[in-house]
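Chain order of the listed sequences is A and B. Following my numbering, the numbering of the first sequence begins with 1 at its first residue and continues without gaps. Following my numbering, the numbering of the second sequence begins with 1 at its first residue and continues without gaps.
Everything labelled a hint here was simulated from the structure, so no lab data went into it. Hints may contain errors.
No copy labels: a pair is met if it fits in one copy or bridges any two.
Stated by the list, open to error - Simulated pairs of lysine to any residue, SDA-like, Cα-Cα distance not exceeding 20 Å: (1) 97 to 26; (2) 236 to 54; (3) 97 to 108; (4) 199 to 153; (5) 141 to 107; (6) 156 to 106; (7) 199 to 228; (8) 141 to 108; (9) 156 to 107; (10) 283 to 228; (11) 156 to 108; (12) 141 to 151.
There are 2 protein chains.
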Amino acid sequence: MSESKQAIPEQSVVSMVNGAWTDHLGIRDRGLAYGDGLFETCRWVDGQLPLWSYHESRVLRDAARLFMPIDSRLLAHQQQQFCAELVRLGLLQGAVKLIVTRGQGGAGYTPLAAPSVSLIWQHIHVSQETHLAKQGLRLMKARLPLSTNAQLAGIKHLNRLDYVVAAASQPLSAGEQLLLLDAEGFPIETLHQNIFWVKNRVLCTPQLVSTGVAGVIRQIILERLAPALGLAVAVKRFPLQALLEADEVFVCNSLRGIWPVTQIEEQLWSIGPITEHLQMVEKSLWPIV
Amino acid sequence: MSESKQAIPEQSVVSMVNGAWTDHLGIRDRGLAYGDGLFETCRWVDGQLPLWSYHESRVLRDAARLFMPIDSRLLAHQQQQFCAELVRLGLLQGAVKLIVTRGQGGAGYTPLAAPSVSLIWQHIHVSQETHLAKQGLRLMKARLPLSTNAQLAGIKHLNRLDYVVAAASQPLSAGEQLLLLDAEGFPIETLHQNIFWVKNRVLCTPQLVSTGVAGVIRQIILERLAPALGLAVAVKRFPLQALLEADEVFVCNSLRGIWPVTQIEEQLWSIGPITEHLQMVEKSLWPIV
Chain A
1 MSESKQAIPE QSVVSMVNGA WTDHLGIRDR GLAYGDGLFE TCRWVDGQLP
51 LWSYHESRVL RDAARLFMPI DSRLLAHQQQ QFCAELVRLG LLQGAVKLIV
101 TRGQGGAGYT PLAAPSVSLI WQHIHVSQET HLAKQGLRLM KARLPLSTNA
151 QLAGIKHLNR LDYVVAAASQ PLSAGEQLLL LDAEGFPIET LHQNIFWVKN
201 RVLCTPQLVS TGVAGVIRQI ILERLAPALG LAVAVKRFPL QALLEADEVF
251 VCNSLRGIWP VTQIEEQLWS IGPITEHLQM VEKSLWPIV
Chain B
1 MSESKQAIPE QSVVSMVNGA WTDHLGIRDR GLAYGDGLFE TCRWVDGQLP
51 LWSYHESRVL RDAARLFMPI DSRLLAHQQQ QFCAELVRLG LLQGAVKLIV
101 TRGQGGAGYT PLAAPSVSLI WQHIHVSQET HLAKQGLRLM KARLPLSTNA
151 QLAGIKHLNR LDYVVAAASQ PLSAGEQLLL LDAEGFPIET LHQNIFWVKN
201 RVLCTPQLVS TGVAGVIRQI ILERLAPALG LAVAVKRFPL QALLEADEVF
251 VCNSLRGIWP VTQIEEQLWS IGPITEHLQM VEKSLWPIV
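Construct all of the structure, not just a fragment, from the sequences and the given hints.
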C-alpha cells in the first residue's frame with residue numbers, strides 16, 4: 001500500500017456525515033434526541049472491511065425492524081466513498097464506525113412515516129491488545145442489569161445507557177471485563193462482546209430474545225464455524241451456573257475476533273482447545289486488527 | 001401528542017451548544033453514540049420558564065443517578081444566558097429543550113471518571129392545541145411494550161427507542177394518544193404524558209420503578225396539588241382493569257399541563273370534576289403555553 005504524503009497524527013479522525021466531510025451533526029437529529037438509530041463497528045484491516053457483508057446485512061435488517069428503511073444503494077455508495085478516502089489518506093487500519101439515525105423530523109417520539117436517515121461514518125484508531133487474545137480475560141459480574149425489551153433485543157441500537165451505567169458504577173482493572181446479566185441474573189454477554197462456552201463438546205451461547213446484541217462474529221460462529229468444525233450448538237436462556245460449569249469459555253466481537261476467558265469471579269479456566277481452534281479458523285478467514 | 005406540522009421560520013430556530021450559538025454537535029458525543037444523557041422540555045411562557053426550579057432539580061438529581069454530575073452553577077448560568085437571548089430575539093413563547101450528555105471520551109461504553117458534560121439548549125415552537133385541554137384525548141393501547149430497567153426507571157434519559165417504535169408501529173388519528181404498557185401489560189403512561197385517574201376520590205397513578213418517566217407535573221400533582229385539594233393518593237403497580245374502572249382519567253406533562261381523557265379503547269368517560277379542578281389550579285399557578 002502506498003503511504004500518504006501527508007503525515008497523519010495518531011489521533012487524527014476522519015468522518016463523513018450524509019456525504020459531507022464533517023464531524024458535526026445537527027442537534028435536532030433523532031439519533032441524539034432519542035437514541036433513534038443503530039450502529040456498526042467494523043474491522044478495518046489493510047484498507048479493507050473484511051466483514052462488511054455481514055455488517056451491511058445486519059444494519060439493513062435491523063433498521064427495518066425499527067421501521068427505519070435504509071436505501072441499500074446509498075449505503076453501499078457511501079461505504080465505498082468513505083473507505084476510498086481512508087485509503088487515500090493512508091489510514092489503513094483500525095475500525096470504521098457507522099451510525100444510522102432516523103434523521104430529523106416527526107412529532108416528538110412519533111417519527112415521520114418516510115424519514116430521511118442520517119448516515120454517519122467515522123474512522124477509529126484501535127489500540128493493540130493482542131496479548132489479551134493469548135492471555136484471556138477475567139470477567140466480573142455486573143451489578144446493574146441490562147434493559148429488557150423483546151422488540152429491541154439483538155439489535156445494535158443507540159440505546160446503550162444500561163451498558164454505560166453498568167460500566168460507570170463498577171470500575172475494572174486491565175484485563176477485566178464486565179459480564180452483563182439480565183434482570184433475573186441470566187448471563188447475556190460482556191460489555192463489548194458476545195459470550196460462548198463449551199460443555200461436553202456442545203457450543204453454548206445465550207439466546208438474545210429479551211436483551212443483548214447479536215454480534216457479527218457470534219453469527220459467523222453459529223452459522224459457519226461451528227458446523228464446519230462439527231460442533232453441536234445450544235442457544236437458549238442459560239442460568240449463570242451453566243456458564244460457571246463450562247469446560248472452556250470465550251468471548252468475541254467484530255473488532256477483536258475471539259478472546260479466551262480464564263476467569264469468572266472465583267472460577268478459573270485454562271484456554272481450551274476448541275477456543276484455540278475457533279480463534280485460529282476465524283483469524284485465517286478474516287485478518288484481525 | 002400529535003403536534004401539527006406548523007412551519008418554523010429558519011431564522012427563529014435558536015440553539016446553544018456548550019455556550020456557543022450553534023445547532024451542531026460533534027458526532028463523537030456520547031449522547032449520539034449511546035444515548036448517554038438526559039433531557040428536559042420546559043414550558044416557556046411570556047419569556048419565563050415557570051417550572052424551571054422543578055426541571056433543574058430533576059436533571060441534577062437524575063444525572064447523578066447516571067453517574068454524570070452536572071455543575072449546577074454552569075447549568076444556571078447557561079440557562080440564564082440562553083433565555084436572555086430568546087427574550088432579546090422576541091421569542092417569548094414555546095418550549096426550551098435542554099439535552100445534557102456525558103460529552104466525549106471514554107473507552108467504548110465505559111465513560112471517563114470525570115466527564116465534561118455537554119449542555120445543549122434549543123428553543124422549540126409549540127403548536128396551539130388548547131381544544132384538547134377542553135375536549136380531552138382518546139387513548140389507544142400500544143401493542144409494543146416499554147423497556148424495563150429499574151436503574152433507569154423514572155429518568156428522562158435519551159434512550160427512547162421503545163417509545164419511537166411503539167409510535168412508528170401504530171399510527172394514530174388527531175386527538176388520539178398511545179397508552180404505553182410494560183411488558184406484562186400494566187399501564188405506565190402515554191407517549192408524551194403521565195397518566196392519573198380518580199377512583200372513589202383517591203387519585204391513582206402508576207409507580208415508575210421499572211420503566212416510565214417521572215414528569216414534573218406528575219411530581220407537582222403528587223406533592224402539592226393533591227394535598228392542597230385533600231385528595232388521597234395511591235402510587236403503585238395497577239392492572240389495566242383498575243384504570244378502565246376509574247371514575248375519571250387525565251394525563252399531564254410540563255408543556256401542556258393537564259388534559260382530560262375521554263376514551264380508552266371502548267371505555268368512555270365524561271370530563272370529571274377533579275380533573276377540571278386540578279386543571280384550573282395548575283393553570284392558575286403556572287401559565288400554560
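A quick look at each hint next to the structure:
no. : hint       : in the structure
1   : 97 to 26   : both (19 Å within a copy, 15 Å between copies)
2   : 236 to 54  : neither (23 Å within a copy, 45 Å between copies)
3   : 97 to 108  : between (27 Å within a copy, 12 Å between copies)
4   : 199 to 153 : neither (26 Å within a copy, 37 Å between copies)
5   : 141 to 107 : between (40 Å within a copy, 19 Å between copies)
6   : 156 to 106 : between (23 Å within a copy, 19 Å between copies)
7   : 199 to 228 : within (18 Å within a copy, 63 Å between copies)
8   : 141 to 108 : between (37 Å within a copy, 18 Å between copies)
9   : 156 to 107 : between (24 Å within a copy, 17 Å between copies)
10  : 283 to 228 : within (15 Å within a copy, 69 Å between copies)
11  : 156 to 108 : between (23 Å within a copy, 14 Å between copies)
12  : 141 to 151 : between (25 Å within a copy, 16 Å between copies)
Hint check: violations occur at hints 2, 4; the rest are consistent with the structure.
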